[in-house]
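Asks: Residue strings, one per chain:
Number of protein chains: 4
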Amino acid sequence: MSNKIRLGILGGGGDSLIGILHRVASSMYDKYQIVGGVFNPNWEDNIGFAKQIGLPTNRIYKDFDTLIEEELKLPESERIQVVSILTPNFLHFPMANKLLENGFHVICEKPMTTTYEEAKILNQTLKKAQTVFAVTYTYTGYPMVRQMREMILNGELGTIQKVDAQYYQGWINPIIHDKEKRSSTWRLNPEKSGISCCIGDIGTHAFDMLEFVSGVKIESVLADLNYLYSDNKMDIDGTVLLRCSKNVKGVICSSQIATGEENSFIVKVYGDKAGLKWEQENPNYLYLMEDGKPLRVLKPGHSYNSELSLDGTKLPPGHPEGIFDSMGNIYKGVAKAINKEPYNHGEFPTIIDGVRGMNFIEKAVESHQKGNVWVDIENVD
Amino acid sequence: MSNKIRLGILGGGGDSLIGILHRVASSMYDKYQIVGGVFNPNWEDNIGFAKQIGLPTNRIYKDFDTLIEEELKLPESERIQVVSILTPNFLHFPMANKLLENGFHVICEKPMTTTYEEAKILNQTLKKAQTVFAVTYTYTGYPMVRQMREMILNGELGTIQKVDAQYYQGWINPIIHDKEKRSSTWRLNPEKSGISCCIGDIGTHAFDMLEFVSGVKIESVLADLNYLYSDNKMDIDGTVLLRCSKNVKGVICSSQIATGEENSFIVKVYGDKAGLKWEQENPNYLYLMEDGKPLRVLKPGHSYNSELSLDGTKLPPGHPEGIFDSMGNIYKGVAKAINKEPYNHGEFPTIIDGVRGMNFIEKAVESHQKGNVWVDIENVD
Amino acid sequence: MSNKIRLGILGGGGDSLIGILHRVASSMYDKYQIVGGVFNPNWEDNIGFAKQIGLPTNRIYKDFDTLIEEELKLPESERIQVVSILTPNFLHFPMANKLLENGFHVICEKPMTTTYEEAKILNQTLKKAQTVFAVTYTYTGYPMVRQMREMILNGELGTIQKVDAQYYQGWINPIIHDKEKRSSTWRLNPEKSGISCCIGDIGTHAFDMLEFVSGVKIESVLADLNYLYSDNKMDIDGTVLLRCSKNVKGVICSSQIATGEENSFIVKVYGDKAGLKWEQENPNYLYLMEDGKPLRVLKPGHSYNSELSLDGTKLPPGHPEGIFDSMGNIYKGVAKAINKEPYNHGEFPTIIDGVRGMNFIEKAVESHQKGNVWVDIENVD
Amino acid sequence: MSNKIRLGILGGGGDSLIGILHRVASSMYDKYQIVGGVFNPNWEDNIGFAKQIGLPTNRIYKDFDTLIEEELKLPESERIQVVSILTPNFLHFPMANKLLENGFHVICEKPMTTTYEEAKILNQTLKKAQTVFAVTYTYTGYPMVRQMREMILNGELGTIQKVDAQYYQGWINPIIHDKEKRSSTWRLNPEKSGISCCIGDIGTHAFDMLEFVSGVKIESVLADLNYLYSDNKMDIDGTVLLRCSKNVKGVICSSQIATGEENSFIVKVYGDKAGLKWEQENPNYLYLMEDGKPLRVLKPGHSYNSELSLDGTKLPPGHPEGIFDSMGNIYKGVAKAINKEPYNHGEFPTIIDGVRGMNFIEKAVESHQKGNVWVDIENVD
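Those sequence lines, one after another, are chains D, R, E and B. All letters in the first sequence, in the order written, are residues 29 to 409 by our numbering. All letters in the second sequence, in the order written, are residues 29 to 409 by our numbering. All letters in the third sequence, in the order written, are residues 29 to 409 by our numbering. All letters in the fourth sequence, in the order written, are residues 29 to 409 by our numbering.
You may find that some hints are simply not true.
[Unchecked claim] Here are the computed distance ranges between Cβ atoms for each label pair: (1) R:Asn-130 to D:Lys-126: 49 to 59 Å; (2) B:Thr-85 to E:Asn-367: 16 to 26 Å; (3) R:Trp-214 to B:Val-408: 40 to 50 Å; (4) E:Asn-310 to R:Ser-331: 23 to 33 Å; (5) B:Phe-118 to E:Asn-310: 35 to 45 Å; (6) B:Ile-380 to E:Pro-344: 26 to 36 Å; (7) R:Pro-202 to B:Phe-118: 47 to 57 Å; (8) D:Glu-394 to E:Glu-184: 32 to 42 Å; (9) E:Pro-116 to B:Lys-245: 47 to 57 Å; (10) B:Glu-97 to E:Lys-155: 22 to 32 Å; (11) E:Glu-184 to R:Ser-331: 19 to 29 Å; (12) B:Thr-85 to E:Pro-69: 30 to 40 Å; (13) R:Ser-211 to E:Glu-318: 50 to 60 Å.
[Stated by the list, open to error] Taking lysine-lysine pairs in the DSBU-like style, the calculated list, with each CA pair at most 35 Å apart, reads: (14) D:Lys-90 to R:Lys-79; (15) B:Lys-274 to B:Lys-364; (16) D:Lys-32 to R:Lys-32; (17) B:Lys-261 to B:Lys-301; (18) R:Lys-126 to R:Lys-368; (19) B:Lys-155 to B:Lys-126; (20) B:Lys-79 to D:Lys-321; (21) B:Lys-274 to E:Lys-79; (22) D:Lys-321 to E:Lys-207; (23) E:Lys-220 to E:Lys-126; (24) B:Lys-79 to E:Lys-368; (25) B:Lys-32 to B:Lys-148; (26) R:Lys-321 to E:Lys-274.
It should be emphasised that the hints constitute simulated quantities derived from the structure, not laboratory data. Cβ coordinates follow ideal geometry from the N, Cα and C atoms, glycine included.
Bound conformation, chain D alone (with noise of 0.2 Å):
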């Protein structure tokens, strides 16, 4: 009998990236094996993918709830330990919250709830269950993301004084310049896909790993968001000033009309002794700049990097890893959770990264509404 964490999905079928991207994350450390759950709430669909995947079907269930009812039936040793929740967006809180409810671990794609208030009662509910939760920030999990945040944890860019983040991106440009397109689109109607586009799909990933990798707090926001046309109900494009704990200013550049950009996630931190710069598209080089030093370019694998670091990477340098691998190292991260072995907090992004993410979402936007002043984020425990 295996000892793997008996893993449930819920959406991710047919040709669904996050789906794939899920699945093989989870396999790529041998600790999680699928065992059932909610591919598509058409039937027929749902028992297909299940086979196309190689799943057996009897624990392929017709609907969420129904998952949940029968699980629970089973004895704990074959229940499903941990539910990966990839459904659209309006989904993800009643979803999680009642797995939470009743016992069950979570991974939730991001954002994680539609709005910041059930980001807070989603909270509530996790501290009454105590089970593990995660919010798949991915990028989180790159080996050289984890050694910067270490590297600033222990102090080797000394007092940190700017934070900078850009997340450019292009592929919105054949929908906005398309009046038809731009009305007509879930990703740009406000009651399918919440008060925010483009801060809310990358500005907030932006947020959350500013404070991951350099521990300051984003404390208050200034936001100009741009919508370019007077019919188009979402930004599709943002700028946020930003000032932290710490007294340290910063600013969060995002775009979905950057013509061109794939998606160029930049993220730089300087301190008074250092700065680190790090790109996504180019994961697995870390720049350290001194004042008057040769600029130091760390790649994963290497023993001069941190534990957390290292334990993201599989192979020796030169061996490029890349975003499944970065996504595996959250599912491992969640897995020691789970098994309760002891782990780094920089692992996951746990409920309190989520709860951020959307009040940041909520705040920009606020802060645009109203002539683009200072709005506070809130304090959440």
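Knowing the structure of chain D, use the given hints to seat chains R, E and B on it.
Replies: Below, chains R, E and B without anything else, positioned relative to chain D:
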């Protein structure tokens, strides 16, 4: 009942890097299920490792011969279909040969055998067996390597006029410069490692890659190898001049004493219309150079790429995939062949690649020993 | 008798970096001959320096007023035609103003003046003088910056929708964190350096460059500046939100506390068809990004470049030129204007660039001081 | 009266690229004044060009012999001190030889002569003349090449164990593939261009550079050249295996059919402690690779650089200088030698570099013609 391909593994237990590479690769497209194998000659380690990676232990065998014997007793619908050979090099040939003789498909790590003679025998065995055989020149699975191949085969470079590969590493320094270590390590012991270290381990990758992407055949070689110390028995650096089909000349530069280099494998092919360059350490960039035109940088996942390339990319542009994904693509191709689905000849390296690679190693050493003279590569089919 | 333009120099003696930059730049296209000037207020240093750089000393003057007085006595065919002002900032305005009033052409280092008020007066003086005036925003002379401008003006990006400039340096760290130094350096003394350090020195380059390459006008700014210490009187970091003509939004990120950054000036402009990126530290690459197409990297000297770009490249592709060559191109453009030859408006920055730059500095500081509110840039012509 | 060195120029008139390169280089440090020369064999073009570059015409001579004759009549304090030879290759030797015989210093473009025999004669003439002689292997003047040399000479790489240079261009394609053009261009005519095209033009740069930076002497070569067409008389591509002093092996890869390459000259030297890499197209980066340490990127102008390197940088870090600046540094070194000031041996390439370079060309061709055999480079002093 799962419709996944039943995979057996030989070797790759414990902390084996090649072990995790193959396990992850096999899982990437939901095509394989590991059902058994022999991970370690020590029974306790063998069983212990199986448990550690969450495998049922009923088909973990005490040794290779037992695996064959027991699996053949199972009905074909339950029997292991394909075996991945990850054992020490000298075991590749006898294992592969027996597996083929008994009707199994085989995925074999490189070097395929320890001598060219063995390689030719294996080729004959395969001709009788008519099963699927792949040798894992891992780098050929990268999407941009596949794209390079397709563009060249489609004539986008015009007539090929120059091929060039560099494969530089620096890891052997601490061994080679230590008299004690260089005489005791198995890597520099011809009885354990075959007749060549540098050419055998990495030069052969360069040889296979040049033929894979360019479509030209390397016909003669003139090699100057370097042993650095007179008491060292194996080359740790070597440059090989090439004469190829279609009147093409070229060069392979390989080294394990290129201090500080990690895994710098660079491939360049020039035609009379354009040139292409690819670098393993940044595998998601393919550089297209045309006289008088802007340099173009092709990246994975774009619709401008060939089918063969796109088939090896799971996520959209800007989401870097790496070497696990590259190996995953080779497994995907093998799965198609096993399942008798249509596939492109470039999806996995065949026994011919393995046979030619073994011949290259022997001929390069022969050229050097005869005083740097031209020696012909033999034709096989 | 030489037909070179007779050039006078004010300042730039001794080890002055700006001095050697202008001297070399003036010589690059065989268009100028330095005939006199005032290199230093100290007479011995002044004469000594003239000898050191191989100049006859008969037209080295004891001070600026004497230069004007004596040169005006010479026949026009011998008189200095154009004067380069390389003195401390507060002298730029009085010198430039008097030179223009006396019919000289002027090449003025930036910042053109110390206040916007002075800049407007200078503009009026120039209108009467009708001579040639250039302000040396050096970076606009790079061939690939010129190419960027031409491509955008030709519509190759489509409708501009986003502008973004980053100018990060880290040199001020050793000063700003030392209480004694930050109170005593002239750079952080408003009486000696004007009202802004970071915005005034480098933010203004970003402002000018964005307008230069994109053709849009920046109309309003909202700035958040950073002084780091309460006893520090001048900004050493600042982010400025931009609202521009044609409904374009943008951002300027500038810093002198971006530790380890040298002179990282990066300019990005995105249109609805494509985007362009240029980086000062690698000035010979221009990145053209189009959705769904390979990234293209344009380089100097190729026939695909515009006339304006090619006019600024002396050698064939692959022979890197640098910042001296960039400044040389500005001098070349000024020479054309002085010689009344046809020239492209992009060949050198004009007084309007200088005036707008001064206004930007004052408005950015005003925005910050008023609590990060929108402030309009004035129109000048 | 100017104390600049009086420089004469032979050739380089009209649109000559080498002409502008030398003129600008000579002006960069205020050390030279061009006083006369012969720019063109056609008198009107000669005088016209002198006027165009603003020179007085009284010392523009109708031919080389007249220049010598007339200049010798002038008092030594007015006479041309040093002559730059920028004429077609076959004139280098007779001009340089006569100039040396008459006591002039000489700056000679490469190839220094057309045969090794001439080179040796010139060396003898110089020994008698005892004047200053420099051959302009331009690339050795780059600050980071100088830094590479100094670091290696200082032992920072440990014992050298491998040298490698690549010099790839693609410009000859339109000529070589056109039967008419390849038979008519002077570049592929041995009577006009000497015995080698690719090795003679660029391979020789690689040869000189490897010796310049590494301090090892190349002792034997084995070359495989490529002519592509049987009716083509000169190599347009060639790989040269190297055996060097101190038991070092290496390789030079050179090509003019590397389609799309511009001027890709890359130099790598590996010692047992570390490796260094430099690329001409990005000349301001020097990569220091050490096993198990972060890659370090050294850049010009930092105090961590050697005196020799810093002497060749005019502006602070982050202000890129280029090939004009590199040549300017060679002129600066020659000025020191002429002025009998102390200078570093690395400041300019000497006649020994020129002699060895000529020998390399002849030996590479000899090796190829004899069937790719080892041929020794001769020793000269």
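Asks: Does each hint hold? Answer for all of them.
Replies: Taking the hints in turn, this is what the structure says about them:
1. R:Asn-130 to D:Lys-126: 49 to 59 Å: Holds, since R:Asn-130 and D:Lys-126 (Cβ atoms, about 52 Å apart) stay within the stated range.
2. B:Thr-85 to E:Asn-367: 16 to 26 Å: Holds, since B:Thr-85 and E:Asn-367 (Cβ atoms, about 20 Å apart) stay within the stated range.
3. R:Trp-214 to B:Val-408: 40 to 50 Å: holds, 47 Å
4. E:Asn-310 to R:Ser-331: 23 to 33 Å: holds, 29 Å
5. B:Phe-118 to E:Asn-310: 35 to 45 Å: Holds, at about 39 Å.
6. B:Ile-380 to E:Pro-344: 26 to 36 Å: This hint holds: roughly 29 Å between Cβ atoms.
7. R:Pro-202 to B:Phe-118: 47 to 57 Å: holds, 53 Å
8. D:Glu-394 to E:Glu-184: 32 to 42 Å: holds, 38 Å
9. E:Pro-116 to B:Lys-245: 47 to 57 Å: Holds, since E:Pro-116 and B:Lys-245 (Cβ atoms, about 53 Å apart) stay within the stated range.
10. B:Glu-97 to E:Lys-155: 22 to 32 Å: The hinted range 22 to 32 Å is violated for B:Glu-97 and E:Lys-155, with Cβ atoms some 57 Å apart.
11. E:Glu-184 to R:Ser-331: 19 to 29 Å: Holds, at about 22 Å.
12. B:Thr-85 to E:Pro-69: 30 to 40 Å: holds, 38 Å
13. R:Ser-211 to E:Glu-318: 50 to 60 Å: At roughly 58 Å between Cβ atoms, E:Glu-318 and R:Ser-211 fall inside 50 to 60 Å, so the hint holds.
14. D:Lys-90 to R:Lys-79: OK: D:Lys-90 and R:Lys-79 at ~32 Å, within 35 Å.
15. B:Lys-274 to B:Lys-364: holds, 32 Å
16. D:Lys-32 to R:Lys-32: holds, 19 Å
17. B:Lys-261 to B:Lys-301: violated, 44 Å
18. R:Lys-126 to R:Lys-368: holds, 23 Å
19. B:Lys-155 to B:Lys-126: OK: B:Lys-155 and B:Lys-126 at ~14 Å, within 35 Å.
20. B:Lys-79 to D:Lys-321: violated, 48 Å
21. B:Lys-274 to E:Lys-79: violated, 49 Å
22. D:Lys-321 to E:Lys-207: holds, 24 Å
23. E:Lys-220 to E:Lys-126: holds, 21 Å
24. B:Lys-79 to E:Lys-368: holds, 18 Å
25. B:Lys-32 to B:Lys-148: At roughly 32 Å apart (the allowed maximum being 35 Å), B:Lys-148 and B:Lys-32 satisfy the hint.
26. R:Lys-321 to E:Lys-274: holds, 32 Å
When the structure is compared with the earlier hints, violations turn up for hints 10, 17, 20, 21 and for no others.
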